[in-house]
Every structure is written in C-alpha cells, then in structure tokens.
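A.B. asks: Sequence:
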Amino acid sequence: MTKDNNTDNKAIVQRALTELVGTGDVDALAPLLSDDFRHHRPGAAASTKAEWLGAVRAALVPLAGMRVEIDHVLADGDHVVMHSRRQAPDGGPEIVVVDIWRLDGGRIAEAWEIIEPVSQAAANLTWWAAPVR
Numbered sequence: 001m002t003k004d005n006n007t008d009n010k011a012i013v014q015r016a017l018t019e020l021v022g023t024g025d026v027d028a029l030a031p032l033l034s035d036d037f038r039h040h041r042p043g044a045a046a047s048t049k050a051e052w053l054g055a056v057r058a059a060l061v062p063l064a065g066m067r068v069e070i071d072h073v074l075a076d077g078d079h080v081v082m083h084s085r086r087q088a089p090d091g092g093p094e095i096v097v098v099d100i101w102r103l104d105g106g107r108i109a110e111a112w113e114i115i116e117p118v119s120q121a122a123a124n125l126t127w128w129a130a131p132v133r
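Once you know that position 16 of the sequence shown is 16 in the working numbering, the rest is easy, because the numbers rise by one and skip nothing.
No wet-lab data here; the hints were simulated from the structure. All C-beta atoms in this analysis are idealised placements derived from N, C-alpha and C, irrespective of residue type, glycine included. Mixed in with the good hints, there may be bad ones.
[As the list claims (entries may be wrong)] Label pairs and their calculated CB-CB ranges:
#1 18 - 40: 16 to 26 Å
#2 5 - 119: 37 to 47 Å
#3 31 - 121: 29 to 39 Å
#4 91 - 8: 33 to 43 Å
#5 118 - 5: 28 to 38 Å
Make the full structure from the sequences, and use the hints.
C.D. replies: In structure tokens, the structure reads:
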C-alpha cells in the first residue's frame, strides 16, 4: 500500500466526519459508504448502510453542535483509525471515541467504534493495576 493511498483513505474518513458533524447532512455521507457497508459495535448486531444512516440521522438531532476534537488519524493500507474526543453541546459528558474504518475502492466498507465516557476511564483501568501486596 502506498503512502498516497494511506493519505487518500485518511482524507475520505476525515471528509465523512466533517460532512456528518459539520453540516449534519447524513445524505452527504451516504455516497462515501459502499453499498454493502457494515457497522459493528460491541454488544450490538452489525447494521447495514441504510440502518446505520437511519441511526445516525436520529442521533444527530440531539447532538447538533457537538464539539469534536480529532486527536489522531492513522492509516495503514485499507484501514484508518481515528481517535477523538466529543462532547454534546449542552455540556453533557465528554466521551472518547475510537473509530476503525475499512475502505474498499475509495469508499468506506466497514466501521467499528468504541465509545468510553471520560469520567469512567480511571474506573475502567482497575483490571490493569497490579495487586497491592
């Protein structure tokens, strides 16, 4: 995979997020997704392109004006990983989101996301801590 392809894939993912969050226009996002797009989320069934776009459309109403800060965008071949912090416009809880996107033919074919409230991050590290003796 060439560096140019990595750059192109990063640009497609960044454009998708910009279209979605910046304008709230879910229809502008649709052409960036492959016809057989699948969205995966832990604990939930995979959703099709139409199902995911419908869920995104419904979620954007209360999230209009959401603050999004992209901390990292990394590309390797057909995968792009984005790490961002997001906060609802009403000052709601801040979350950290890791999105993993797989691209095929210049369109997003699959997406996975992991969402963690920042306030719970420390509590979620308890498994990591060595036992105290």
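A.B. asks: Report the numbers of all earlier hints that the structure fails to satisfy, in ascending order.
C.D. replies: Going through the list in order, the structure violates no hint and respects every one.
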